[in-house]
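**Student:** Please construct the entire structure, taking both the sequences and the accompanying hints into account.
Chains as they are written, first to last, in our numbering: chain A, 1 to 170; chain P, 1001 to 1791.
Simulated from the structure, these hints should not be mistaken for laboratory data. Accuracy of the hints is not assured; some may be wrong.
[What the hints assert, rightly or not] Across the chosen pairs, the derived CB separations fall in these ranges:
1) P:E1530 <-> A:R164: 15 to 23 angstroms
2) P:E1134 <-> A:E83: 38 to 46 angstroms
3) A:G159 <-> P:D1591: 55 to 63 angstroms
Every residue, glycine too, gets a C-beta built ideally from N, C-alpha and C.
The primary structure of each chain is shown beneath.
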Amino acid sequence: MSATLPVTLTVNGETLTRLVEPRETLADFLRRDLGLTGTHAGCEMGVCGACLVMLDGLPVHACLTFAVQAAGTEIATVEGLTESTVIADLQRAFHERNALQCGFCTPGMLIAAQGLLARLPLPSRAEIRDALSGNYCRCTGYEAIVDAIETVARRRAAGETAPRFAEEPA
Amino acid sequence: MNAPLGSLDRPNSYIGRAVTRPNAKRLLAGRGRYVTDLVLPRMLHAAFLRSPYAHARIVSIDAEAARAMPGVRLVATGADLARLCTPWVGTLDHFKGMKSAPQLPLPVEEVLWSGQAVVAVVADSRAQAEDAAEAVLVEFEELPVVADIDTAREPDADRAAAGIEDNLCFRSRLDTGGIDALFAGAAHVVEEEFHFGRHTAVTLEPRAILADWDASEGKLTVHHATQTPYQFQDLYSRHYGIPEASVRVIAPDIGGSFGMKLHVYHEDMAVVGLSMLCRRPVKYVADRMESFVSDIHARDHRVRARMAVDAEGTILAMDVDDVTAIGAFSTYPRTSAVEGNQVIRLMGAPYRFRNYRAELAVVFQNKVQTSQYRAVGHPVACAVTERLVDLAAARAGLDPATMREKNLIPDDAYPCESPTGYKFEALSHQASLIRLKALMDYDALRAEQAALRTRGIHRGIGIASFVEISNPSPAFYGIGGARISAQDGATLSVTPSGEVRCLISVTEQGQGTETIIGQIVADQFGVAREKVRVITGDTEITPHGGATWACRGAGIGGETALQAARRLRDNVLALAATILQARPGDLDLRDGLVVDALSGAERVSLAEVARIAYFRSDTLPPDARAQLSITHHYAPQGYPFAFTNGIQGCHVELDVDTGLVKVLKHWVVEDCGRIINPLLVDEQVRGGVVQGLGAAFFEECRYDDNGQLTNGSLADYLVPMACEMPDIVVGHIETPTADTALGAKGCGEAGTAAASAAALNAVNDAMAPLGASIAQIPMTPERLLKSLGKI
Ligand code: FES
Ligand code: FES
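**Tutor:** As structure tokens, then:
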């Protein structure tokens, strides 16, 4: 055990400074210190993808990143991406297609999908499946997730934008 | 949709409609509230020191140093918790002769598997608790490890636990008689020895529990990631001696369950005692490594089976010997014998033959306990049966589909009974097969396969019929003495604004329970779906009920909701009739309005009826009955189970040089009776199929000879990922059960039941021209190369 260190970083648009233990992961920091429990932990070894967050715009595993390593970066979690509406179309498509059951993998899936579509705007189904190869889902069997991402890719290519997801009718 | 529904299928009925899940939006926004997320004031964290040995005696425990570590509040041993908690035994009375050693939260003298929790540490943070657990010194004396199922059953074998007289937990035998003679006289006999690997549920959210003992009130509140809050309310109450009404179990959002989260786990029982000892909330979340060595495992069967067939390919008989290894204890309270029991009873279930013999041995060994996990026993029975059917077809010179056409129970033969005693009300095997062949374009696939073979491409086609057990009656657990309810209860109320609250005992783990209950209530009561709020998963709020397991949510929970909604509707119409001075029978409730039943003309709104009932009862006549809340219970009657059926097809390509199998496509036709929401049913089926394909190709808990799990991490234990899984085509036949007004049966296990069997047949089909075969799952590349004689 060692003394805590101050880190300053931006989370969901807000710059903040906190004292953290050097061994504290970014996942624990977000969940425990900031109460951002939308980021989940499923394996804590980088294989399940439940803990993905955007770090400077790219998906990273919050379980493999120490909080101190995130100093000076911009982190976006599912909560922030929901508020800023950038993933509203993905959320809507997941909802319509029932691409989630227990929802534990879902924040990570949304972030992986957002990362994929930023890199490859119109992926094939095989490319989508490939991009999800680090995201474990025990419930859905994946097909609905692939369908939802495919739909969003097409909608984005057609220039459609989605309103705030949370306020749409159920 | 092809089932007649009478009043249920008006054009605008919610029943049968693919509506989205209102409660999924919260999860999509990252606002789920899982037990893992919960924080309570003064909350402490538990960690456990685990046994490094598969079998050992505890010589001494020295916790002095650990107690002095920063943040540590309590170090508790088995003896400490045994003073609070009474032992439990995982047997059921109707499994005659079954035995198992008594269990306690933490062991007092003997550890029985590698990874068993031995000492608990409670500290201000989880990290501090883990640090201190490492500082606890336990001296173990190693004992002989029981691992092999055959040596375990020898007369002088070492025992897996001191508290049992031998390693046979349970045995069972079924025999319709004359089997040896039938086999001796059969034109063809096919036989095989099958091996089914141990696998485990690997829910993405691990097990999690937060126990909060309030000594001032004598009240225990447990936030528990479980499918069955009422079962745990009963167990915590009885084993800790707390009055039942003072125990509250809350199951909030749950990150996957699949049967794994309805068993008693030692750590979970311990956490309740730790909270009582600390008089503070104590939380424990299993990490992934702990999950692999403490969540229940499943399967682990060796089945020797044979099938007798006449010269025309008619199946005459099956003869089965199943040995399954379950760990050192039978799991509580559902036991570890149900799976084996279902294996031997489900064998051959889709087929017409009447002659059957089976022997089951359930064996103790020093590994993690096994118990019910999605599709309990079905994948084993299905794979054995379907592989033998394929072998028999080949021997009789029939195509596998033709073989099934010939032998499946005809759709007009119901009701009927299986040779193992299961009573089938109405199934649709033949229609399902016809539908599957059409969906697959079976004949074209066979032609393509033949053409590709000439080019050295090895594709295989496998099909597998199945029967699934759903909606169990009290004959399942109640009869065996387990306090596991077969009924469900719902409380329905009209709010003063004319909305509806439904508190129901079935629970939600993402399959859409709350959504379908909302559909049923809205439909049968007569309001828009948005006006119905469904609340589940809290023993303090909903009536007692069995909750969600064995695919009973829609069939039993749904019927409960239907009957409750109809009763509440009658109450509303009776009150409206009083207000309107009309006859209740002339009124109807539609879309939130009381209308004239014949003309549909609005008479008064539901909101107005509620307003009068709650705020202006002075305007009602003295004999008016303003009962706008009702509680209703429903238990299955009639058939002991609602059996469902279906068939699956699997198309694979085998790389004979690497042993890698690519699943090209998978098809399912299933008949779950009335479909309430096709969007949800299809995804239940797909998710189930992928779990079955995981078992077929990847998943296996591997142990060494010393009883050590050698692949207990998510990097080493392979689970199916998106890139390895195919698209899955799902088709439906609907044969509603006549036992209920709703007619729904279950659908959650259908996918898992037959996916591995279809895959096994497909891979064997691909290998057949090469003279190779396999009878083991998972079918790893290494095993396939061995079968092919390449290594
Ligand atoms: S928790 Fe980070 S990848 Fe699994
Ligand atoms: S929805 Fe449960 S793990 Fe993906």
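**Student:** Are the hints correct? Go through all of them and say.
**Tutor:** Hints, verified against the model:
1. For the pair E1530 (chain P) and R164 (chain A), the supplied restraint of 15 to 23 angstroms holds, since their beta-carbon distance comes to about 18 angstroms.
2. A hinted range of 38 to 46 angstroms for the beta carbons of E1134 (chain P) and E83 (chain A) is consistent with their spacing of about 41 angstroms.
3. Between G159 (chain A) and D1591 (chain P) the Cβ separation comes to about 37 angstroms, which falls outside the hinted range of 55 to 63 angstroms.
Checked against the numbered hints given earlier, the structure breaks only hint 3 and satisfies all the rest.
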